[in-house]
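Undergrad: For reference, the chains in residue letters:
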Amino acid sequence: MAANAEALALAEESSKYKWGFTSDVESELSPKGLDENTVRYISMKKGEPEWMLDWRLKAFRLWQTMEHPDWSKLNVPPIDYQDAYYYAEPKKKPTLESLDDLDPAIRETYEKLGIPIEEQKVLANVEGARKVAVDAVFDSVSVATTFREELTKAGVIFMSISEAIREHPELVRKWLGAVVPQRDNFFATLNSAVFSDGTFVYIPEGVRCPMELSTYFRINAENTGQFERTLIVADKGSYVSYLEGCTAPQRDENQLHAAVVELVALDDAEIKYSTVQNWYPGDENGMGGIYNFVTKRGHCRGARSKISWTQVETGSAVTWKYPSCVLAGEDSVGEFYSVALTNNAQQADTGTKMIHLGKNTRSTIISKGISAGRSDNTYRGLVRVGPSAENVRNFTQCDSLLLGDKCGAHTVPYIEVKNPSAQIEHEATTSKISDDQLFYAMSRGLDEEEAVALIVNGFAREVLQQLPMEFAVEAQKLLGISLEGAVG
Amino acid sequence: MLKIEDLHAGVEGTEIIKGLSLDLPAGEVHAIMGPNGSGKSTLSYVLSGRDGYEATAGSVTLDGEDLLSMEAHERAAAGLFLGLQYPVEIPGVSNVNFLRTALNAQRKLRGEDEISAADFLRETRKEAEAFDLSMDHMKRGVNVGFSGGEKKRNEMIQMAVLKPRLALLDETDSGLDIDALRVVADGINRMRSPDRSFLLITHYQRLLDYVKPDKVHVLQDGRITRTGGPELAAELEREGYVGIAA
Ligand SMILES: Nc1ncnc2c1ncn2[C@@H]1O[C@H](COP(=O)(O)OP(=O)(O)O)[C@@H](O)[C@H]1O
Ligand SMILES: [Mg+2]
Numbered sequence: 001m002a003a004n005a006e007a008l009a010l011a012e013e014s015s016k017y018k019w020g021f022t023s024d025v026e027s028e029l030s031p032k033g034l035d036e037n038t039v040r041y042i043s044m045k046k047g048e049p050e051w052m053l054d055w056r057l058k059a060f061r062l063w064q065t066m067e068h069p070d071w072s073k074l075n076v077p078p079i080d081y082q083d084a085y086y087y088a089e090p091k092k093k094p095t096l097e098s099l100d101d102l103d104p105a106i107r108e109t110y111e112k113l114g115i116p117i118e119e120q121k122v123l124a125n126v127e128g129a130r131k132v133a134v135d136a137v138f139d140s141v142s143v144a145t146t147f148r149e150e151l152t153k154a155g156v157i158f159m160s161i162s163e164a165i166r167e168h169p170e171l172v173r174k175w176l177g178a179v180v181p182q183r184d185n186f187f188a189t190l191n192s193a194v195f196s197d198g199t200f201v202y203i204p205e206g207v208r209c210p211m212e213l214s215t216y217f218r219i220n221a222e223n224t225g226q227f228e229r230t231l232i233v234a235d236k237g238s239y240v241s242y243l244e245g246c247t248a249p250q251r252d253e254n255q256l257h258a259a260v261v262e263l264v265a266l267d268d269a270e271i272k273y274s275t276v277q278n279w280y281p282g283d284e285n286g287m288g289g290i291y292n293f294v295t296k297r298g299h300c301r302g303a304r305s306k307i308s309w310t311q312v313e314t315g316s317a318v319t320w321k322y323p324s325c326v327l328a329g330e331d332s333v334g335e336f337y338s339v340a341l342t343n344n345a346q347q348a349d350t351g352t353k354m355i356h357l358g359k360n361t362r363s364t365i366i367s368k369g370i371s372a373g374r375s376d377n378t379y380r381g382l383v384r385v386g387p388s389a390e391n392v393r394n395f396t397q398c399d400s401l402l403l404g405d406k407c408g409a410h411t412v413p414y415i416e417v418k419n420p421s422a423q424i425e426h427e428a429t430t431s432k433i434s435d436d437q438l439f440y441a442m443s444r445g446l447d448e449e450e451a452v453a454l455i456v457n458g459f460a461r462e463v464l465q466q467l468p469m470e471f472a473v474e475a476q477k478l479l480g481i482s483l484e485g486a487v488g
Numbered sequence: 001m002l003k004i005e006d007l008h009a010g011v012e013g014t015e016i017i018k019g020l021s022l023d024l025p026a027g028e029v030h031a032i033m034g035p036n037g038s039g040k041s042t043l044s045y046v047l048s049g050r051d052g053y054e055a056t057a058g059s060v061t062l063d064g065e066d067l068l069s070m071e072a073h074e075r076a077a078a079g080l081f082l083g084l085q086y087p088v089e090i091p092g093v094s095n096v097n098f099l100r101t102a103l104n105a106q107r108k109l110r111g112e113d114e115i116s117a118a119d120f121l122r123e124t125r126k127e128a129e130a131f132d133l134s135m136d137h138m139k140r141g142v143n144v145g146f147s148g149g150e151k152k153r154n155e156m157i158q159m160a161v162l163k164p165r166l167a168l169l170d171e172t173d174s175g176l177d178i179d180a181l182r183v184v185a186d187g188i189n190r191m192r193s194p195d196r197s198f199l200l201i202t203h204y205q206r207l208l209d210y211v212k213p214d215k216v217h218v219l220q221d222g223r224i225t226r227t228g229g230p231e232l233a234a235e236l237e238r239e240g241y242v243g244i245a246a
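First to last, the protein sequences are chains G and P. Note that the numbering used here gives residue 466 to position 466 of the first sequence, counting from 1, and the numbers run on in steps of one. Note that the numbering used here gives residue 33 to position 33 of the second sequence, counting from 1, and the numbers run on in steps of one.
No lab work stands behind these hints: they were computed from the structure. You may find that some hints are simply not true.
[Stated by the list, open to error] Pairs of lysine to aspartate or glutamate, DMTMM-like flavour, derived with a Cα cap of 25 Å: (1) P:108 with G:448; (2) P:151 with G:253; (3) G:432 with P:66; (4) G:153 with G:253; (5) G:73 with G:253.
Nothing here was measured: the structure is a model prediction, and the numbers come from that model.
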């Protein structure tokens, strides 16, 4: 009887993270551990040119001299970097030209996740829906990229970064590390040495990318770290909207995800970058889950360029990321819209940096933190105005919503202004879901979980409405699901 | 329709409803009148299942079904509607979205299909117009920035779209100017039907000049101290609650 109840409870628990299944895909792993040979192995596996290997090795040597950061607000047990695999690729590798060769187990994985990796499906699925091109990254390699032909016609380059290194070395060489230099921080340096795959996007001058681009990351193999690298270059007067999503199976050990994303916007270019982050968060007791230590930075190099980050962060055991904008071009614009939700034992320390270097640069920061369970949720943001940046404007709004009284919400704004003409505004609020609101919604027919989801979605609305429509709907559901069991 | 028998209920161990019985047949409109603090809102919360408001004795049935064993949302699906004395704001959730979510949640609990977007919108437009709120208001956050009167009219719109079998209206008339009071009263009169009942909780006679109740109950200190016809409201107005109690 007792055993039965336990099994039931277990089954119930495992159903909470609906993406937690494991796929039976045979994979080829690098030898465990990390040394120069690991770096060479990865580079060799990818058939990389000499310059790329040299770049990686330089990063690796640098990394060996660096120390693991010590965070004030985060509680992260020491990570044994030798006890992990740095490369895992599915054994049956498809040729990217033909999706038919894709391992059925992988195909099924993406089907279960609801990720459209077959073009006809995308088209057939939703009537009137905009097309979305997908790059699917499974463990360390890109397994499928859709709509290549149509994008090629528009002059858009959208491919895995491994391919781009081979096919467009001049572009990759020019921009890789231009925004996040190798020595930027411990995890970015590690990523520079061992990054396995990721996405490369180039939008030529004057081109408006004809569809949304997206990358879907899935960690499947056990004991592997995921180190993807994304590089997006928007040439003069171009526009692109890009979205990334991610999930991982439910496992008891922690797994490291240390990505680097670099964005470059030239004159009059605009990049809209959206993330729906749903890595496995660990169980209710804080067992397992992904360590999400990510460096994301955009460089508004050109005049009147614009970079906009939108993130919905619901997953991971620990999240540490600050998507940032360096506003170098005159009149350039940086935006950061964030919803970070933590439940159970999750920890999130996230925010942005807006570095104003050019004249008349403007930035907007809207951060919505939602904390439940025993979780801890910190907004940490920096607004810096350089001495020659005249007439800078920044508006920051940080709102925290608490569910229950065992969770924490913190707002840590840093403001450094070296030019007196700057106008910086900062507003912050902290509130609780009120009994009045819950009762009101329930008295109209919503059960408690539906009521919480509705109120939380209302709280996050300003951010959610920045997402492309299809993904906003997903994100709304995700917020509700992530809070299941958070009240009552 | 609604049968309350010797109900004792309260909050956090304090008894506020102290043995209340009431029989509201289908199709009738009853008024509960009582001074401030007599337990009117508490009664409405106990009937609609608000967390923390517990019945300690007695029974309440809606069409023979035990209301007290249901959760708040189940009572809503069973046909109970509470118009709040102080409607609540929910920022970021539009009135339209709130109402559609509520309606579909109820329909789902009753095993019915979702309402089509077109039907819902038509209905909502019609009722918004009837209760004199613009669609612009309806697209704003739930009650956010609404005046007291607008909030009350919004409650009526929700009632009209949700079409409950039993509506408890807690001081819906307070905070309304005379024009708005008429609009609300017209709405209630329009919705009166043989299989729908109303319990109008009010402090003043005002509303009862426009919505003629079948019965008036006087609530004092958690008990019904008198029951009579519409003339009782007028008597109350003349003599006050103190006079009545005597
Ligand atoms: N949450 C509560 N905790 C304790 N006492 C309450 C609470 N709510 C109401 N009361 C008390 O119950 C009595 C009835 O209140 P209420 O039902 O609001 O009256 P009415 O609506 O008739 O003005 C009052 O004495 C009030 O102070
Ligand atoms: Mg009251």
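Undergrad: Could you work out which of the previously given hints the structure breaks and list their numbers from low to high?
TA: 2, 3, 4
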